[in-house]
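Peer 1: Throw the hints in and build the complete structure from the sequences for me.
Quick note, the sequences are listed as chains P and U, same order. All the letters of the first sequence, read from the start, carry residue numbers 0 to 403 under numbering that gives the first Met the number 0. All the letters of the second sequence, read from the start, carry residue numbers 0 to 129 under numbering that gives the first Met the number 0.
Just so you know, the hints here were simulated from the structure itself, not pulled from any lab data. Treat the hints with care, since some could be wrong.
[As the list claims (entries may be wrong)] The calculated lysine-lysine pairs, modelled on DSSO-like cross-linking and capped at a C-alpha distance of 27 Å, are: (1) U:K125 x U:K55; (2) P:K387 x U:K125; (3) U:K105 x U:K55; (4) U:K125 x P:K401.
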Amino acid sequence: MHGGTLGEGRERSVLEGGAVGGASLRPLRRAARARGRQASAVNILRPVDLRRTSLYPQHVELGAKIVPFAGWEMPVTYEGIREEHSAVRTHVGMFDVSHMGEVEVEGPGALAFLQLMLSNDVARIEVGGAQYSCLCQEDGGVIDDLFVYRLGGDRYLVVTNASNHEIDLAWLGRWSRDLDVSVRDVAERYAMLAVQGPHARAVLGRALGVELPPRMRVSPVRVGRRPALACGTGYTGEDGVELLLDPEVAPPIWAELLDAGVVPCGLGARDTLRLEVCFPLHGHELSPERNPIEAGLGWCCVESTGFLGSEVVARARAEATAERLAPFLIEGAGIPRDGNPVLVGEETVGVVTSGTFSPSLERGAGLAYVRADLAEPDTELEIDVRGKRRAARVASKPLYRKAS
Amino acid sequence: MSEANYPDDLRYHDQHDWVRLEGDEHAFFGITWYAQDSLGEVVFYDPPELGATIDKDASYAEVESVKAVSDVIAPMSGEIVEVNDVLEDAPETINGDPYGEGWLVKVRLTAPREAEGLLDAGEYRKLLEG
Numbered sequence: 000m001h002g003g004t005l006g007e008g009r010e011r012s013v014l015e016g017g018a019v020g021g022a023s024l025r026p027l028r029r030a031a032r033a034r035g036r037q038a039s040a041v042n043i044l045r046p047v048d049l050r051r052t053s054l055y056p057q058h059v060e061l062g063a064k065i066v067p068f069a070g071w072e073m074p075v076t077y078e079g080i081r082e083e084h085s086a087v088r089t090h091v092g093m094f095d096v097s098h099m100g101e102v103e104v105e106g107p108g109a110l111a112f113l114q115l116m117l118s119n120d121v122a123r124i125e126v127g128g129a130q131y132s133c134l135c136q137e138d139g140g141v142i143d144d145l146f147v148y149r150l151g152g153d154r155y156l157v158v159t160n161a162s163n164h165e166i167d168l169a170w171l172g173r174w175s176r177d178l179d180v181s182v183r184d185v186a187e188r189y190a191m192l193a194v195q196g197p198h199a200r201a202v203l204g205r206a207l208g209v210e211l212p213p214r215m216r217v218s219p220v221r222v223g224r225r226p227a228l229a230c231g232t233g234y235t236g237e238d239g240v241e242l243l244l245d246p247e248v249a250p251p252i253w254a255e256l257l258d259a260g261v262v263p264c265g266l267g268a269r270d271t272l273r274l275e276v277c278f279p280l281h282g283h284e285l286s287p288e289r290n291p292i293e294a295g296l297g298w299c300c301v302e303s304t305g306f307l308g309s310e311v312v313a314r315a316r317a318e319a320t321a322e323r324l325a326p327f328l329i330e331g332a333g334i335p336r337d338g339n340p341v342l343v344g345e346e347t348v349g350v351v352t353s354g355t356f357s358p359s360l361e362r363g364a365g366l367a368y369v370r371a372d373l374a375e376p377d378t379e380l381e382i383d384v385r386g387k388r389r390a391a392r393v394a395s396k397p398l399y400r401k402a403s
Numbered sequence: 000m001s002e003a004n005y006p007d008d009l010r011y012h013d014q015h016d017w018v019r020l021e022g023d024e025h026a027f028f029g030i031t032w033y034a035q036d037s038l039g040e041v042v043f044y045d046p047p048e049l050g051a052t053i054d055k056d057a058s059y060a061e062v063e064s065v066k067a068v069s070d071v072i073a074p075m076s077g078e079i080v081e082v083n084d085v086l087e088d089a090p091e092t093i094n095g096d097p098y099g100e101g102w103l104v105k106v107r108l109t110a111p112r113e114a115e116g117l118l119d120a121g122e123y124r125k126l127l128e129g
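Peer 2: And the structure:
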């Protein structure tokens with residue numbers, strides 16, 4: 000099934016918690032035609048510039064719902080978002096995230112260059128280490144958020160969000176011009192498979208027959224006799240590994256993991272999982288109009304490195320920002336969605352940037368930018384969900400915490 | 000989830016709703032197998048108020064999956080006389096039994112002749128096939 004309520008030019012809603020207010024079942028009709036004609040109809044409906052990952056045939060074979068996302072045709076769910084979500088929380092799931100981009104930064108000037116580009120202290124990354132960072136404009140606005148892996152002395156790999164890959168490349172290219180560093184787009188070289196969940200390491204280690212790196216480390220491994228990178232990172236709040244591998248060997252390893260009981264998970268579960276642990280999503284919580292401080296990412300900004308935008312970030316940190324990102328839970332019925340206004344009394348005090356039904360907490364949950372004085376846990380708010388006011392309460396991060 | 004099915008004893012609206020007529024003046028409404036399958040697992044049903052007036056072809060309720068919200072379109076005009084309470088705690092019943100336990104509302108029809116404009120199961124199936 001392709002398209003449906005989630006598709007048809009509404010791709011932003013898919014990963015992003017669904018700013019789909021007022022959507023009716025109308026788009027279903029076009030999807031029905033697609034279903035009738037099976038694969039050929041997909042080509043008719045598919046805008047010509049949408050790309051497919053090397054795992055696309057596997058997604059189709061599993062009956063995934065496939066939607067356009069950031070220029071790619073991606074699976075949003077296979078058997079149901081709740082099941083997939085729960086598989087990652089309790090056992091192990093895998094996500095095709097090959098749409099994400101990779102940029103290699105190499106040369107004697109690599110460290111100085113990345114130190115200028117990225118908000119975190121890149122000098123702290125040892126060889127084989129990983130670090131989360133923001134890529135900021137001069138005014139502190141966030142162009143992208145990304146992971147950097149140090150593969151060698153002066154060789155780094157930057158993993159970009161699919162929708163920002165070209166923008167990041169242009170930005171990095173522009174600033175690297177007079178420096179002794181090369182910036183290469185290597186996105187075509189890699190498929191990316193995120194294996195996540197409490198059993199991820201055990202299952203993947205057994206399948207690959209290799210030792211996997213601990214959290215926030217990267218190590219070279221071989222997958223299907225080809226060189227690959229295993230990264231102890233993820234976007235789910237669970238333990239796990241992200242594999243960067245040759246696109247040609249992704250299908251066999253996918254099949255092997257499927258046989259080993261790993262549950263295939265789509266972008267839908269990826270979104271609910273990240274939202275429950277309050278990981279921001281670029282285009283929602285993060286944008287060139289917001290600085291990392293108001294987004295709650297001060298922890299990955301080291302202004303003393305003098306990165307581009309550091310002065311604005313330092314000022315925002317010192318003076319506090321007018322708004323802050325706050326996680327919240329709906330108290331009763333209702334599911335908040337991206338773009339819903341946040342109210343206190345008759346006053347609009349903010350806006351929801353991501354909202355969904357939380358499968359772990361079984362209620363509406365989200366992230367919203369609100370007036371800074373209202374961002375404290377336990378503050379009572381109301382969310383205007385398509386004209387109905389839903390009681391909500393600011394919570395502390397993360398919204399979901401594993402029972403220990 | 001069950002296999003695709005469209006019972007012959009129901010009438011259908013092209014916005015993927017079904018009608019089960021009860022005598023001349025009443026009917027149950029719900030969404031079709033196709034609608035629930037496209038939406039995915041329903042996690043929230045926002046019903047209309049008892050006594051509310053609903054108009055044919057206009058939205059009268061919302062169903063939401065984790066990712067999406069959809070308006071539910073009234074296949075006929077009338078007044079809400081009952082809403083399915085089961086769905087408050089178990090909205091996924093709409094997926095499991097869309098024509099039975101997963102009914103959405105019972106309506107007192109104000110224009111029973113609107114039924115003549117609805118589709119039969121064969122016509123609805125044809126519409127899905129395009």
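Peer 1: None of the hints should be skipped; say for each whether it holds.
Peer 2: Checked hints:
| no. | hint | in the structure |
| --- | --- | --- |
| 1 | U:K125 x U:K55 | holds, 22 Å |
| 2 | P:K387 x U:K125 | violated, 37 Å |
| 3 | U:K105 x U:K55 | holds, 14 Å |
| 4 | U:K125 x P:K401 | violated, 49 Å |
Hint check: violations occur at hints 2 and 4; the rest are consistent with the structure.
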